[in-house]
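> Just so we're aligned: the sequence shown equals residues 251 to 729 in my numbering.
It is worth saying that the hints were derived from the structure and are not from the lab. It cannot be assumed that every hint is accurate.
Below, computed lysine-lysine pairings styled on BS3-like, alpha-carbon distance capped at 27 Å [to be verified]:
#  : residue 1 : residue 2
1  : K416      : K442
2  : K375      : K521
3  : K508      : K493
4  : K300      : K497
5  : K425      : K442
6  : K697      : K625
7  : K300      : K265
8  : K697      : K451
9  : K497      : K375
10 : K625      : K465
11 : K514      : K493
12 : K311      : K465
13 : K514      : K666
14 : K646      : K696
15 : K311      : K300
16 : K451      : K696
17 : K360      : K375
18 : K521      : K425
19 : K625      : K666
20 : K497      : K465
21 : K521      : K694
22 : K646      : K555
23 : K625      : K265
Here the structure is a predicted model, which is why all the values come from computation and not from measurement.
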Amino acid sequence: MAIMSILYERQYEQKELEALCHSAEAEFLAIYGRRRVGKTFLVSEYFSDKGIYFEVTGIHKGALSAQLDNFAIVFSDVFYRGKDKPQLSSWYDAFTLLRQQIETVPKQEKVILFFDELPWLAASKSEFLPALEHCWNRYLSRMSNVILIVCGSAASWMIDNIINNKGGLHGRLSKEMHLFPFNLSETENFLKARHIGLPRKDILEIYMAMGGVAKYLTQAKPGRSAAQIINDVCFSRNGYLFKEFEKLYASLFDNHEKHIDIVKQLATKRKGLTRKALLDKTGLTSGGTSSRILRELEASGFIMKVPSYDGRASNNLYRLSDEYSLFYLDWIEAAPDTSLQTIESDYWLKQRTSRRWSAWSGYVFEDICLKHADKIKAALGISGVSTTVSTWQNDKAQIDLVIERADNCINLCEIKFYNDEFIVDKDYADKLQQKKRHFQQATKTKKALFTTLITPYGVRQNQHYLESVQSQLTVDDLF
Numbered sequence: 251m252a253i254m255s256i257l258y259e260r261q262y263e264q265k266e267l268e269a270l271c272h273s274a275e276a277e278f279l280a281i282y283g284r285r286r287v288g289k290t291f292l293v294s295e296y297f298s299d300k301g302i303y304f305e306v307t308g309i310h311k312g313a314l315s316a317q318l319d320n321f322a323i324v325f326s327d328v329f330y331r332g333k334d335k336p337q338l339s340s341w342y343d344a345f346t347l348l349r350q351q352i353e354t355v356p357k358q359e360k361v362i363l364f365f366d367e368l369p370w371l372a373a374s375k376s377e378f379l380p381a382l383e384h385c386w387n388r389y390l391s392r393m394s395n396v397i398l399i400v401c402g403s404a405a406s407w408m409i410d411n412i413i414n415n416k417g418g419l420h421g422r423l424s425k426e427m428h429l430f431p432f433n434l435s436e437t438e439n440f441l442k443a444r445h446i447g448l449p450r451k452d453i454l455e456i457y458m459a460m461g462g463v464a465k466y467l468t469q470a471k472p473g474r475s476a477a478q479i480i481n482d483v484c485f486s487r488n489g490y491l492f493k494e495f496e497k498l499y500a501s502l503f504d505n506h507e508k509h510i511d512i513v514k515q516l517a518t519k520r521k522g523l524t525r526k527a528l529l530d531k532t533g534l535t536s537g538g539t540s541s542r543i544l545r546e547l548e549a550s551g552f553i554m555k556v557p558s559y560d561g562r563a564s565n566n567l568y569r570l571s572d573e574y575s576l577f578y579l580d581w582i583e584a585a586p587d588t589s590l591q592t593i594e595s596d597y598w599l600k601q602r603t604s605r606r607w608s609a610w611s612g613y614v615f616e617d618i619c620l621k622h623a624d625k626i627k628a629a630l631g632i633s634g635v636s637t638t639v640s641t642w643q644n645d646k647a648q649i650d651l652v653i654e655r656a657d658n659c660i661n662l663c664e665i666k667f668y669n670d671e672f673i674v675d676k677d678y679a680d681k682l683q684q685k686k687r688h689f690q691q692a693t694k695t696k697k698a699l700f701t702t703l704i705t706p707y708g709v710r711q712n713q714h715y716l717e718s719v720q721s722q723l724t725v726d727d728l729f
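Please model the entire structure based on the sequences and the hints provided.
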């Protein structure tokens, strides 16, 4: 059931893989995305019974000899039933051997070549990429039964070296696939398939701690509340996410300390930082290195760039968008050791009732709404309308989410994470009206302005609501 749940939530991707499988030509696919989202699982589960399946996984910081030996072992297992392991001295030898073996396979039988953790295989001076380029361009691309798949978690590396390759692989890809974490709806279905049935607000709380990362969600156990699941996975000594943070960044980025510096600074500024402010706080200079680090973090899904309503690039805000990283820095890392001695610890069950959690969850709810802007548009009935999504603030007011529409309207979204039905009183109604006036005066927009409230359980429609709010959405609209 767990296996089927992951595959079920990747139906679109499976259709793409199916098209490759039915192709009458050689196909070359590149897959990338954040670690632990299920890239390897998707490929291996889908293709393992579709023909001859050859999978080689790179070794982190492995020497060339170790990588080649690993290739030789897989080659022997797939083609020689584990006997006669070849001796290889270079990747050119490896690909020559592989090509010669494929030439003996009947043309009607598919051969799937899957090179996982490609950035580790193609380490500096390994000559992996030139050897792959030569083998593909000269031989494999002419074999109609071959499907070549390369995969990596270092998304920026994959984009720079494979997807936007300026050398021998330029223009050679048949398809690229960016695998994202699950959204809230997919997370709910995934948990249900694992016999975990929880109210949507509870699923939202789990999402705030782990995001939609498949591997993390597999740690949740049936029969546990959201608070218990978070406590088990994040706050026990044996919890999967208790010490995941450092390993996660170290496995993805060279000199990862600088990446973590940026992530930590963004964790302290919930609304985000401009590029200049972020560089000032981290001590990085504006140039190639800082641009590369920001690009790598953004491509891997750890940070996101939120456009400023005024359209000025200098006012765009970088925000920490990886739920686990933010939860780790604000809660797991900060937890006192004395509270975490045993797996039965009720540390998190106590923390989630604190005022600190109440304030913190409100900010994270904003980030999740930003990520689910397409769901918000659908709930507002404007999916077919061209829009731009941004945030806005000046010295008098700030608006969590601005949806500017091509039909001459703007939705000003106020996001409130509240544990009950939200009630608009006179003071809050006045505040909403003031925000609308400040926005209109500052932007000088002539468009119709609609105030939209987004809350977990909805807003009571009293007189103050009717005077200040034009629409409301609940957590259900995000699923």
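> Determine for every hint whether it applies to the structure shown.
Here is how each hint holds up against the structure:
no. : hint          : verdict
1   : K416 <-> K442 : 44 Å, violated
2   : K375 <-> K521 : 42 Å, violated
3   : K508 <-> K493 : 19 Å, holds
4   : K300 <-> K497 : 34 Å, violated
5   : K425 <-> K442 : 31 Å, violated
6   : K697 <-> K625 : 23 Å, holds
7   : K300 <-> K265 : 14 Å, holds
8   : K697 <-> K451 : 34 Å, violated
9   : K497 <-> K375 : 25 Å, holds
10  : K625 <-> K465 : 24 Å, holds
11  : K514 <-> K493 : 16 Å, holds
12  : K311 <-> K465 : 23 Å, holds
13  : K514 <-> K666 : 25 Å, holds
14  : K646 <-> K696 : 20 Å, holds
15  : K311 <-> K300 : 31 Å, violated
16  : K451 <-> K696 : 37 Å, violated
17  : K360 <-> K375 : 32 Å, violated
18  : K521 <-> K425 : 36 Å, violated
19  : K625 <-> K666 : 17 Å, holds
20  : K497 <-> K465 : 14 Å, holds
21  : K521 <-> K694 : 24 Å, holds
22  : K646 <-> K555 : 23 Å, holds
23  : K625 <-> K265 : 23 Å, holds
Hint check: violations occur at hints 1, 2, 4, 5, 8, 15, 16, 17, 18; the rest are consistent with the structure.
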